[in-house]
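Visitor: Please build the complete structure, drawing on both the sequences and the hints.
Protein chains in written order, with my numbering: chain A, 102 to 611; chain B, 2 to 500; chain C, -15 to 82.
Please note: incorrect hints may appear among the correct ones.
Keeping only pairs whose Cα atoms sit at most 30 angstroms apart, straight-line, the calculated DSSO-like set for lysine-lysine is [as the list claims (entries may be wrong)]:
#1 B/Lys16 - B/Lys144
#2 A/Lys523 - A/Lys371
#3 A/Lys196 - B/Lys144
#4 A/Lys196 - B/Lys480
#5 B/Lys480 - B/Lys411
#6 B/Lys333 - B/Lys186
Partial pick of chain C residues on the chain B-facing surface, computed with a CB cut under 8 angstroms [unchecked claim]:
#7 Leu(-1)
#8 Ser25
#9 Leu43
Calculated directly from the structure, the hints in this document are not laboratory data.
Using N, Cα and C, we set each Cβ at its ideal position, and we do this for glycine too.
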Amino acid sequence: MTDYLLSSATELVAALEAGETTSVELTTLFLDRIAAVDGAVNAFLHVDREGALAQATASDERRAAGNPASALDGVPIAVKDVLATEGLPTTCGSKMLEGWIPPYDATVVARLKQAGLPILGKTNMDEFAMGSSTEHSAYGPTHNPWDLDRIPGGSGGGSAAAVAAFEAPLAIGTDTGGSIRQPGAVTGTVGVKPTYGGVSRYGLVAMANSLDQAGPVSRTVLDSALLHEVIGGHDPHDSTSIDQPVGALVEAARQGAGGDLSGLRVGVIKELGGDGYQPGVLARFQESLDLLVAAGAEVVEVSCPSFVHALAAYYLIMPSEASSNLAKFDAMRYGLRVVPEAAENGTQPSAEDVMRASRDAGFGDEVKRRIILGTYALSSGYYDAYYGQAQKVRTLISRDFDAAFEKADVLVSPTAPTTAFKLGEKLDDPVAMYLNDLATIPANLAGVPGISLPSGLADEDGLPAGFQVLAPALADDRLYRVGAALETLLEKKWGGPLLAQAPTLDGASA
Amino acid sequence: MSTDTLLSFEESLEKFDPAMGLEVHVELNTNTKMFCGCPAVFGGEPNTQVCPTCLGLPGAMPAVNAKAVESAMRIGLALNCEIAEWCRFARKNYFYPDMPKNFQTSQYDEPIAFEGYLDVELESGEIVRIDIERAHMEEDTGKSLHVGGATGRIHGADHSLVDYNRAGIPLIEIVTKPIMGSREKAPEIAKAYVAQLRELIVALGVSDARMDQGSIRADVNLSLAPIGTGELGTRTETKNVNSLRSVERAVRYEMQRHAAILSAGDAILQETRHWHEDTGITTSGRPKSDADDYRYFPEPDLVPVAPSREWVEELKGTLPELPREKRARLQKDWGFSDLEMRDTIGAGAFGLVEETIAAGAAPQAARKWWLSELARRANDTGTDIAELGVTPADVAAVQALVDAGSLNDKLARQVFDGLVAGEGTPEEIVAARGLAIVSDEGALGSAVDKAIAENPDVAEKIRDGKVAAAGALIGAVMKEMRGQADAGRVRELILEKLT
Amino acid sequence: MPEISRDEVAHLADLARIDLSDAELDQIAPQLSVILESIASINEVASDDIPPTSHALPLTNVFRDDVVVPGLTAEQALAMAPESEQQRFSVPRILGEE
Chain A
102 MTDYLLSSAT
112 ELVAALEAGE
122 TTSVELTTLF
132 LDRIAAVDGA
142 VNAFLHVDRE
152 GALAQATASD
162 ERRAAGNPAS
172 ALDGVPIAVK
182 DVLATEGLPT
192 TCGSKMLEGW
202 IPPYDATVVA
212 RLKQAGLPIL
222 GKTNMDEFAM
232 GSSTEHSAYG
242 PTHNPWDLDR
252 IPGGSGGGSA
262 AAVAAFEAPL
272 AIGTDTGGSI
282 RQPGAVTGTV
292 GVKPTYGGVS
302 RYGLVAMANS
312 LDQAGPVSRT
322 VLDSALLHEV
332 IGGHDPHDST
342 SIDQPVGALV
352 EAARQGAGGD
362 LSGLRVGVIK
372 ELGGDGYQPG
382 VLARFQESLD
392 LLVAAGAEVV
402 EVSCPSFVHA
412 LAAYYLIMPS
422 EASSNLAKFD
432 AMRYGLRVVP
442 EAAENGTQPS
452 AEDVMRASRD
462 AGFGDEVKRR
472 IILGTYALSS
482 GYYDAYYGQA
492 QKVRTLISRD
502 FDAAFEKADV
512 LVSPTAPTTA
522 FKLGEKLDDP
532 VAMYLNDLAT
542 IPANLAGVPG
552 ISLPSGLADE
562 DGLPAGFQVL
572 APALADDRLY
582 RVGAALETLL
592 EKKWGGPLLA
602 QAPTLDGASA
Chain B
2 MSTDTLLSFE
12 ESLEKFDPAM
22 GLEVHVELNT
32 NTKMFCGCPA
42 VFGGEPNTQV
52 CPTCLGLPGA
62 MPAVNAKAVE
72 SAMRIGLALN
82 CEIAEWCRFA
92 RKNYFYPDMP
102 KNFQTSQYDE
112 PIAFEGYLDV
122 ELESGEIVRI
132 DIERAHMEED
142 TGKSLHVGGA
152 TGRIHGADHS
162 LVDYNRAGIP
172 LIEIVTKPIM
182 GSREKAPEIA
192 KAYVAQLREL
202 IVALGVSDAR
212 MDQGSIRADV
222 NLSLAPIGTG
232 ELGTRTETKN
242 VNSLRSVERA
252 VRYEMQRHAA
262 ILSAGDAILQ
272 ETRHWHEDTG
282 ITTSGRPKSD
292 ADDYRYFPEP
302 DLVPVAPSRE
312 WVEELKGTLP
322 ELPREKRARL
332 QKDWGFSDLE
342 MRDTIGAGAF
352 GLVEETIAAG
362 AAPQAARKWW
372 LSELARRAND
382 TGTDIAELGV
392 TPADVAAVQA
402 LVDAGSLNDK
412 LARQVFDGLV
422 AGEGTPEEIV
432 AARGLAIVSD
442 EGALGSAVDK
452 AIAENPDVAE
462 KIRDGKVAAA
472 GALIGAVMKE
482 MRGQADAGRV
492 RELILEKLT
Chain C
-15 MPEISRDEVA
-5 HLADLARIDL
5 SDAELDQIAP
15 QLSVILESIA
25 SINEVASDDI
35 PPTSHALPLT
45 NVFRDDVVVP
55 GLTAEQALAM
65 APESEQQRFS
75 VPRILGEE
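Guide: Following this line, the structure appears as structure tokens:
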């Protein structure tokens, strides 16, 4: 029975199909696991036991009638709290939205429901997805299941930790500068940022609209492919969504798992490695690269000279868009309202006064920093020098990608420069925190897809490191082919999934 | 309310040259809002025409209404504008409670239409070309109700109640280039421009174009410069100018107010002013300041609009005849003199007369009713002639009854009384008020007999050939019939009986 | 790259409608300076002939048909409002007209 906790979603589907278990049984199992360990992990902000079980019951009925709604019907899932869920609290990790219950579903959530995946609850995150450690959540940090004193990455630390701690077989994350891939790397899980426009952003509470992308979080590459096919595809509610079929991602993953990469050209990005990267992370990266070569791939070095400016461009575009997106949180229509005291002469506070007080009380430090930074970058007199210039850097980065993809079918790098650091270690140094996203940000700026999968444990600290694969826009299938191949080869080497080596958390108290 | 010092209009012109800029917002009559599928209709219970997008809920996204883009392009083409090959929406960031996202999705430096003109005809027949800088797409805001305080106005209210039904309704903002050299004609030019722009919008069928309901709203930018210098002075922007008459008055008022300030050696404060229809003055709104740093940037949730030249050409084919050309054609068709035509337009009744004629009335009859009878009533009650509650179809129906001999002019006036009072259709009013002419020859015959019997001396004169005396008998018969007789037929009967 | 002053941060906070305390201003101003310094290089990168990219994929003309779709009821719209009255969102007094 407990085996199902450790099973991949693919294995759970097989068990459901074989009639060996039911969705209600599985959903209950994960809900109980959440109850047992989440006190220590804090991956969930809200658990919807009743709703999940109702969805599981409906799923079992469909399956019993021989009519499952999708390839993942009945497999429970956790959803990052940045996606609107009708009737379920959606806080984005902020005090500003404490208790907010949306009257509508994000398209991704609607598709999960349609496909029959019971939603276990909403996962913790850096406030409004601003952070790389989940320490900026107003509801306390999420702890890395590999070491509870360490960060699970961010902003989607809750989704990654939930999957790593076996609290859910699958989760949804969102990635603006690495918020799916970097948590994946530091928790030993798989995370995919699809091509920009590949998955609808409707209902995703935007941080940076031109960079945000929702995607799968899982324990295996094939599971991500299955989930990606469920949530992907055109949505008329999102004008930036691509009007093309998602592609045969599951097929690509199954093919890749065969382990043959003959003829594949793998480009190693010169600028993403070396200085600033932890030796153990680099060692695992090289090891993975060698496995790809052994599987028949040809490795070439590519240079993307503009990538050194990616972080700067990102920290102008993202806060600029965020400063405007977060203006709607003004205490007028929903969310926190803080009414300051009346003036001494008895004058009641104005709408303006209430907005100012509520935004001061409702937003955390990192959010305020980014709003101020974005307001600055968009201000008249600075627009051309900052936002305008950053948009040009995007062009240069896209050109670098184009040139690199002439030479290689996929590009690879370590996902994050280091393994998980200690909680609190970088909290007072925003710039050091931002460096975590060095390797993941270029993909967001150019809109290309990327996957992070575990490459092993770093020798220094025994913590997971991540291997990133990037593909050209709309070629998400390549991520799955290469990712699944590498996963197969690595697991052969490890003698099983990396997460089998993670602490069981059995001693953790709820 | 402040009381501004004003210089006389004449004196202001002796010292200064006015420069104007007019910004007109046109609310489109699309089925749905600019960026969501909520109905874009006037009225409706508060907050019933809303969705996550137009309420600015977290996560919601905009999607552009194709019809609104098409209407914007048609307006641009009708104003002789270039249509952008590629343009974008932009966010205009500022905080205001009736704006759900605290940014307005608008267009900034890439409008859909730009560089056009409208030739405007003044009362004298002179044509003035108004250069159009741009026409761009944007969305409307919600509406606030100010509660508490004595006036119901924003000042003194203790809180406000916001309805977002209007939020997101498509607007086209049409901006002129500075209008220079208009001198004493500035107020008239401003009014004529807005009036003829409104006609154009009506002809295009893209808006209800009701100034009283705010579906067309004009902002008047005005500045004065010392006469002859050709400079541009500090401007004020007067908002909330919601009738054609007010456009003219607001320009005149601001010219006189600016002139007084400048003459006293003081400086004009660059600010927003509010027009008060009731008192005919402007009051200070809010000064332009750093708060006007709108931090525009391209709307990242939308993709560029790049109309193909084929689409633009296709839309050119849908443009209606220009109002001015149409007026010339119709004047000829109707046989109106220049004076009659000018009066019709001046009374704001051109469209009404046109529709009345289209509904079957003879041109002169249509003109007569609107310009004499209905214009007088509008004037007496201070109502816009179009808002009297009398439609062109009503007028045509009344005239049809006159033509059929069922009504005479005097009875017809009573029908109009009934229409203004909202008593129903002309037919219903005729029935309810018992106004129809009695065509019962028997009743008429006895009334004539009675009149002859009661006025033997008059009857005698007629028998003697003094036919002109019949008027006295006709009057008596009409009195007997309480006006409900055809005077011509009465005359015929009297003469039949007495000659 | 100009160092960002405390006054400038106060002005930006005002534009962004955030009532920062003195302590917050003291903390944020130097942090922003460091961040701005770290992104200063952006100014030297791209020349004038490089076009800006606002979206990774060059889509154009994505439109919606002008057809009404059901939205929210007033009850749903107002459910999360801090205060409501007469089926409207109740907000504190508004200082000036826009």
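Visitor: State for each hint whether it applies.
Guide: Hint-by-hint comparison with the structure:
About 41 angstroms separates the Cα atoms of B/Lys16 and B/Lys144, which puts this hinted pair outside 30 angstroms; it is violated. Restraint check for A/Lys523 and A/Lys371: the C-alpha separation of about 28 angstroms stays at or below 30 angstroms, so the hint holds. Note on A/Lys196 and B/Lys144: the hinted pairing holds, with a Cα-Cα distance of about 29 angstroms set against a maximum of 30 angstroms. For the hint pairing A/Lys196 with B/Lys480, the CA-to-CA distance comes to about 83 angstroms; that exceeds 30 angstroms, so the pair is violated.
Taking the CA atoms of B/Lys480 and B/Lys411, the gap is near 13 angstroms; set against the 30 angstroms cutoff, the hint holds. This hinted pair checks out: B/Lys333 and B/Lys186 have alpha carbons roughly 28 angstroms apart, not beyond 30 angstroms. Contact between C/Leu(-1) and chain B, as hinted, is supported at the beta carbon level, the nearest pair being about 6 angstroms apart and thus within 8 angstroms. Contact between C/Ser25 and chain B, as hinted, is not supported at the beta carbon level, the nearest pair being about 21 angstroms apart and thus beyond 8 angstroms.
Nearest Cβ of chain B to the Cβ of C/Leu43: about 4 angstroms, under the 8 angstroms cut. The hint holds.
Hints 1, 4 and 8, counting from the list given before, are not met by this structure.
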